[in-house]
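Listed below are the residues making up each chain.
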Amino acid sequence: MNSESLLKPSPLIPTSRPEIIQSLIDGVDRYNPDNVSILEEYLGTQLQTEDYDLMANLAILKLYQFNPHLVNEQVINNILVKSLTAIPNPDFNLCLYLLHENALADESVAKLVELQQLLEQCKYQEFWKLYESDDSYKELTSDAIGFEDAIRKVILTSISMTYQSISAELLSNYLNLNINEEEFESFIQTRNLVNKDGIILVPTNYDNEAKPTVIRENIKFEQLTKVIGYSNEL
Amino acid sequence: MYNEGFAEDEVDLSDEVDLLTPSYGGVEDELDDDDQIQLMLQQQYAQEIPDVVKNFIIYFHRNVLENNVYELHGIYENSFNRLTEKFYMKAPWPEADFIAPLVNDDSDGPVALELPNQWLWDIIDEFIYQFQSFCNYRNRLKNKTEEEIVLLRDNIQVWSCYSVLNVLYSLITKSRITEQLLVSKHGGDMIEAAGEYGSRPLYKMLGYFSIIGLLRVHCLLGDYTLALKMMDNIELNKKALFARVTACHVTTYYYVGFAYMMMRRYADAIKAFSHILVFIARTKMYHTRSYQFDQINKKGDQMYALLAICIALCPTRLDENIHSHLREKYGEHLSKMQRGEEGLQTFEDLFLSYLKLYTTMGIDKLAAFLEIEPDKLRTQLLIVKQKSRQQKWSSGTLLEGEYVATSDLDFCLKQDMIHIAESKVGRRYGDWFLRNINKFQDIIAGMELRA
Numbered sequence: 001m002n003s004e005s006l007l008k009p010s011p012l013i014p015t016s017r018p019e020i021i022q023s024l025i026d027g028v029d030r031y032n033p034d035n036v037s038i039l040e041e042y043l044g045t046q047l048q049t050e051d052y053d054l055m056a057n058l059a060i061l062k063l064y065q066f067n068p069h070l071v072n073e074q075v076i077n078n079i080l081v082k083s084l085t086a087i088p089n090p091d092f093n094l095c096l097y098l099l100h101e102n103a104l105a106d107e108s109v110a111k112l113v114e115l116q117q118l119l120e121q122c123k124y125q126e127f128w129k130l131y132e133s134d135d136s137y138k139e140l141t142s143d144a145i146g147f148e149d150a151i152r153k154v155i156l157t158s159i160s161m162t163y164q165s166i167s168a169e170l171l172s173n174y175l176n177l178n179i180n181e182e183e184f185e186s187f188i189q190t191r192n193l194v195n196k197d198g199i200i201l202v203p204t205n206y207d208n209e210a211k212p213t214v215i216r217e218n219i220k221f222e223q224l225t226k227v228i229g230y231s232n233e234l
Numbered sequence: 001m002y003n004e005g006f007a008e009d010e011v012d013l014s015d016e017v018d019l020l021t022p023s024y025g026g027v028e029d030e031l032d033d034d035d036q037i038q039l040m041l042q043q044q045y046a047q048e049i050p051d052v053v054k055n056f057i058i059y060f061h062r063n064v065l066e067n068n069v070y071e072l073h074g075i076y077e078n079s080f081n082r083l084t085e086k087f088y089m090k091a092p093w094p095e096a097d098f099i100a101p102l103v104n105d106d107s108d109g110p111v112a113l114e115l116p117n118q119w120l121w122d123i124i125d126e127f128i129y130q131f132q133s134f135c136n137y138r139n140r141l142k143n144k145t146e147e148e149i150v151l152l153r154d155n156i157q158v159w160s161c162y163s164v165l166n167v168l169y170s171l172i173t174k175s176r177i178t179e180q181l182l183v184s185k186h187g188g189d190m191i192e193a194a195g196e197y198g199s200r201p202l203y204k205m206l207g208y209f210s211i212i213g214l215l216r217v218h219c220l221l222g223d224y225t226l227a228l229k230m231m232d233n234i235e236l237n238k239k240a241l242f243a244r245v246t247a248c249h250v251t252t253y254y255y256v257g258f259a260y261m262m263m264r265r266y267a268d269a270i271k272a273f274s275h276i277l278v279f280i281a282r283t284k285m286y287h288t289r290s291y292q293f294d295q296i297n298k299k300g301d302q303m304y305a306l307l308a309i310c311i312a313l314c315p316t317r318l319d320e321n322i323h324s325h326l327r328e329k330y331g332e333h334l335s336k337m338q339r340g341e342e343g344l345q346t347f348e349d350l351f352l353s354y355l356k357l358y359t360t361m362g363i364d365k366l367a368a369f370l371e372i373e374p375d376k377l378r379t380q381l382l383i384v385k386q387k388s389r390q391q392k393w394s395s396g397t398l399l400e401g402e403y404v405a406t407s408d409l410d411f412c413l414k415q416d417m418i419h420i421a422e423s424k425v426g427r428r429y430g431d432w433f434l435r436n437i438n439k440f441q442d443i444i445a446g447m448e449l450r451a
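Taken in sequence, the protein lines are chains A and B. Under UniProt numbering, read the first sequence as residues 1 to 234, first letter to last. Under UniProt numbering, read the second sequence as residues 1 to 451, first letter to last.
With a Cα cut of at most 20 Å, we get these calculated DMTMM-like pairs of lysine to aspartate or glutamate:
{"id": "1", "chain 1": "A", "residue 1": "Lys196", "chain 2": "B", "residue 2": "Asp416"}
{"id": "2", "chain 1": "B", "residue 1": "Lys414", "chain 2": "A", "residue 2": "Glu169"}
{"id": "3", "chain 1": "B", "residue 1": "Lys376", "chain 2": "A", "residue 2": "Glu114"}
To be clear about the criterion: a stretch of chain B counts as covered by chain A if any three or more of its residues have a C-beta under 8 Å from a C-beta of chain A, and this derived list gives those stretches:
{"id": "4", "segment": "402–409"}
{"id": "5", "segment": "412–422"}
{"id": "6", "segment": "431–444"}
Don't read these hints as lab results, they were simulated from the structure. Since the model is a prediction, treat every value here as computed from it, not as a measurement. From the three backbone atoms N, C-alpha and C, an ideal C-beta is built for every residue, glycine too.
Chain B with its partners taken away, still in its complex shape:
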């Protein structure tokens, strides 16, 4: 769906900001001969620009100059994609040089641009996507020719982690987004904190989205603590800036949940996944027309799979809709996981179900029920105890949290005797009354309307 035109935006942006972090491995973008020929061919092709496209570019240019973010949003979400589908499915959009006359050769334009948030997010998102795709490509050595391998080996700096981090960190530094977030949290002079660049929405949002971008990049690199650390100044709530762009909202929760899962904080992961899955389900009708719809649904499906893994490892009550959808989609996988290849989980379920029947029970007796050695049972009980405790967030930054019990069933051993205690959820009178008061009020309001 994306094409060259977008990739160029990224290059421009990274050039626009000074690379404030020292560059440890710069990217050289010298083209070799093959690339030159390729480029010329593309340009020839692009010379024949259909009138609709010409008009589109002129219209687009005018709106950019006038900072019509609303119009630009429409262009970005609809017209551009429509034209791409019609004319440029298999070829890139015309090179900048060829459309330059249409827009009075203003390619060195100022940066007083205002672009829709959606677009800014896509710039960052696509940048990381390209990085990810290139890494995938580079690591797949199988069907590569010797020549290709040599080429890759000689150019290890291409799409190196350092160059990607440089761009993202530079945007963060330039936009002073960290300072801005701190001021919005603790108070202070926002204009001073934002500085010359950060006061412009374009830079502010690019900086902000770069933080989310780093969350993703660090997850991709397997550094889950650092990934969550990037979010130190961002609170997960509806008012947060990431919620303004649906795709960004979904991405944020996906990677936060993923990082938590990898840190064995399943309760926190489940909370993140179910939160965003409920959101996706509730807003489905609003984004069916958006080009992001498929993307979001795909991410949603992946999150159901991750949720299934977390639920298997840490049984938890879920939102009803989420739970039924999970059963429907991954019911079989879930029960397989819960049975467990190594039998550990099954075992746990089994003896937890035995434990639920008793308040005290001898180790020997339970071992006999389960047909295992008493010593093995002791070991299993030690594991269950440890696994029923999990680090869980309650306040502060995402990395914070203390160990709490995550299971309703608890036990202790007095030498050879197991003592069992179950925590129960009390009846929710208050909730019941509140719901019925509201219902009652609605009925009265309805009656008054008729009268």
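Same shape as in the complex, but just chain A:
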């Protein structure tokens, strides 16, 4: 039985979070502007890997919110770029809520919002088209190692939730990988997908199963206490 959705909320406590960060964001130390560099460094390690820590990154933006002189645009961009890889979780928006109006008017932020909109609206082909339309997008996301693959993962999750089988050509389009190249085949294989004569088979899961169900009522013991009480009176 597939009881869990393929979608996972960004973890409240990622396993990769160091203890020092944990104690910092748990207490009032999170408001101390002196700690911003520790959090920024931690973001740096997130950029090098697949690790991602929303709560720690929000703590950086919180410090920026209270101490405008600390603001580092590059850091804001990188936090937003990381949160793109967490779509459809609301992380990108949660970060935007903490930015000052001026930051929202920033050209880089505006570009990232464009990318976010296309991903949220599942317009994957358009996303890649825009992303490759000029070098600025690649430059914006260049600090995040493996950004493109992380986005492919977002897209593949969305496809795997919806499709049980999909033509290889359409999938390669969504993923922006050339169907005739080795890269596509190896991407498919590492994700447990099977290419059967140009049709990619997706294993069934909670989301793509679409089985008709009947929701049965669930009577709790507390609901019966009154009835049991009556039997005593007889």
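Since the structure of chain A is already known, use the hints to place chain B on it.
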């Protein structure tokens, strides 16, 4: 309704507790000349204190000294407001100096006070309200003179976020409320956990209300995850302390619901809003006399509006009364939202209604029905699938929760074919029998009474 007398309580309280968190931006409260003159005028005016008010202050003072929480509650809810309406609608209550002789000059009194919970809640609530009002005022640059703008710019530390957080966090630390909540949840020595200050109801409740206060402050600052994180040690149930003060009960659910909504957890938001709206509707007759009645009703109305937004984004069955009230109040808005400016929602409704008619259907066929490109339809189906999954709370802290399906209709694609499945609610036999057994028992009891 509130006046200076209350504002001063806040200052006293924040002074009373040490500011345990380091102060990054202190508030300087030096008065300039204008303020001094203003103050003197106020004091002159206040010198003529009517006898009723004098008697009230003496009576109030006695009850404070004797810790008569019950009497104080009456004073706070009724007499004080009555006198304010009569004498001090347009002027502040007398300054402390002028009433000091009436109460034997005991203004440096001890802190062994016991005050009604309602009052303690209002202290915190009003403190945050002042902060919010000041921020609103500061951000409205339009009709301000150059002078005013300069004054504000030179004093950015006034009502700064840091100073507000300092007060709330200090009350939490001093009262050891977090430790107390942990002990009441997991067991342990409460007296040890509470410590010297936290054992007194005054500090305990101030600490507790400060947590709810932080929930609100963080929502105001747009930090919805942190807002809900403040509630890590508070469970949302009837036994919780926040339920002891109606205004606090309502506030808690309002901000929890709001934070969930902003995190796109509409199912959780709907649950929070409908829970408290049912509560307000059921207890209406009890708080009509309270001065909070208008406040609570206003919050209720706002929550109906928020509920309408959530329902438009995540159609859900509601409590019958809530649903009819929602239709009545926001029916038009709701249908407008559901039609959707961008047509997305309408579209969804439309094709979901088509999907309901079939168990399988080709993409081309549905696209033709809807008069759109098949490729666009594929994209829309991907969106519907994602949006029909939502992070939803089932246990643990408020921030926890896993993604589950929130729609009765589900589907999957096998290449170009849509397969549709609908989940149905089975008949509720058990519920039916339970209700009728209870009804039957009531009838028997009624008959026995007559016999």
